[in-house]
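Visitor: Sequence:
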Amino acid sequence: MVKRMSGQTVVVNLPSVSVTGIVLAGGASRRMGRNKALLPMGEASMIERAVQAIGKVSSRVIISTNDPKSYHFLGVECVLDIHAGKGPMAGLYAALGASNTPWNVVAACDMPFIHEQFLQGLLNLAITKDTVEAVIPVVQGRMHPLLAVYRREVMTSLERKLQAEQYRMVEWVEELKAVYVNEEQLEHMTGLDPRKVLFNMNTPDDYETARGISSS
Numbered sequence: 000m001v002k003r004m005s006g007q008t009v010v011v012n013l014p015s016v017s018v019t020g021i022v023l024a025g026g027a028s029r030r031m032g033r034n035k036a037l038l039p040m041g042e043a044s045m046i047e048r049a050v051q052a053i054g055k056v057s058s059r060v061i062i063s064t065n066d067p068k069s070y071h072f073l074g075v076e077c078v079l080d081i082h083a084g085k086g087p088m089a090g091l092y093a094a095l096g097a098s099n100t101p102w103n104v105v106a107a108c109d110m111p112f113i114h115e116q117f118l119q120g121l122l123n124l125a126i127t128k129d130t131v132e133a134v135i136p137v138v139q140g141r142m143h144p145l146l147a148v149y150r151r152e153v154m155t156s157l158e159r160k161l162q163a164e165q166y167r168m169v170e171w172v173e174e175l176k177a178v179y180v181n182e183e184q185l186e187h188m189t190g191l192d193p194r195k196v197l198f199n200m201n202t203p204d205d206y207e208t209a210r211g212i213s214s215s
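So the sequence shown is numbered by numbering that gives the first Met the number 0: it starts at 0 and just counts up by one.
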């Protein structure tokens with residue numbers, strides 16, 4: 000499929016038969032005060048938007064969560080954390096353990112503007128790099144490991160970090176053989192505004208900001 004945006008031609012190879020999609024929905028949403036994944040955004044909930052986008056670039060979608068009953072309405076496979084309460088690294092580890100594909104595209108459930116073209120751009124870059132373990136967006140000098148692509152083999156280093164009780168995801172990612180894609184590259188290869196795509200919600204104010212952007 001070829002789409003044209005912002006004067007650029009963007010190739011979107013959908014669907015893929017060799018990619019697992021992983022949606023991370025295991026957080027406690029303490030700062031939001033309620034389950035972020037179930038908040039409405041337009042005509043769908045946050046988790047629905049994430050599952051729909053990631054499902055367009057993968058042959059199978061997994062939700063990493065410790066509350067699978069909340070997501071039964073989606074009809075999507077849910078995977079429980081093996082290391083419960085240890086943050087997104089634990090959720091990613093559990094989901095990768097359930098994956099059966101070399102490449103896995105990962106998205107957190109609190110990003111309201113996830114888009115399949117952005118995900119496919121990361122995947123297109125990943126599959127051209129034989130020795131790479133991850134493709135990570137970097138915007139405004141900040142890595143975004145929760146909207147990224149990983150080889151299943153990173154489970155080994157993830158397990159080592161979890162067993163050592165080292166839960167800082169950025170420190171783990173820095174040890175991987177990763178490709179870091181900056182803002183200009185992201186916009187060029189996807190035709191999308193990476194700052195918008197990577198916007199995430201942690202507080203009620205963030206949610207209201209996202210709702211305003213969505214309705215504009």
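Any given hint might turn out to be false.
In silico DMTMM-like cross-links for lysine to aspartate or glutamate, where the CA-CA straight-line distance does not exceed 20 Å [unchecked claim]:
1. K85 - E173
2. K85 - D66
3. K85 - E186
4. K55 - D66
5. K195 - E42
Pair by pair, the computed Cβ-Cβ distance ranges are [as the list claims (entries may be wrong)]:
6. K68 - K128: 34 to 40 Å
7. S58 - D129: 19 to 25 Å
8. E164 - R210: 21 to 27 Å
9. G211 - L79: 33 to 39 Å
10. E164 - G96: 15 to 21 Å
11. D129 - G96: 19 to 25 Å
12. T155 - P203: 24 to 30 Å
13. K68 - P39: 16 to 22 Å
14. R141 - K68: 30 to 36 Å
15. Q139 - Q165: 21 to 27 Å
16. S17 - P203: 26 to 32 Å
17. Q51 - R194: 18 to 24 Å
18. R194 - A163: 14 to 20 Å
Hints were generated in silico from the structure; no laboratory data involved.
Glycine residues also receive a C-beta, built at the ideal position from the N, C-alpha and C atoms.
Visitor: Honestly, which of those hints from before does the structure not fit?
Guide: Violated hints (numbers, rising): 3, 4, 8, 12, 16 and 18; every other hint is consistent with the structure.
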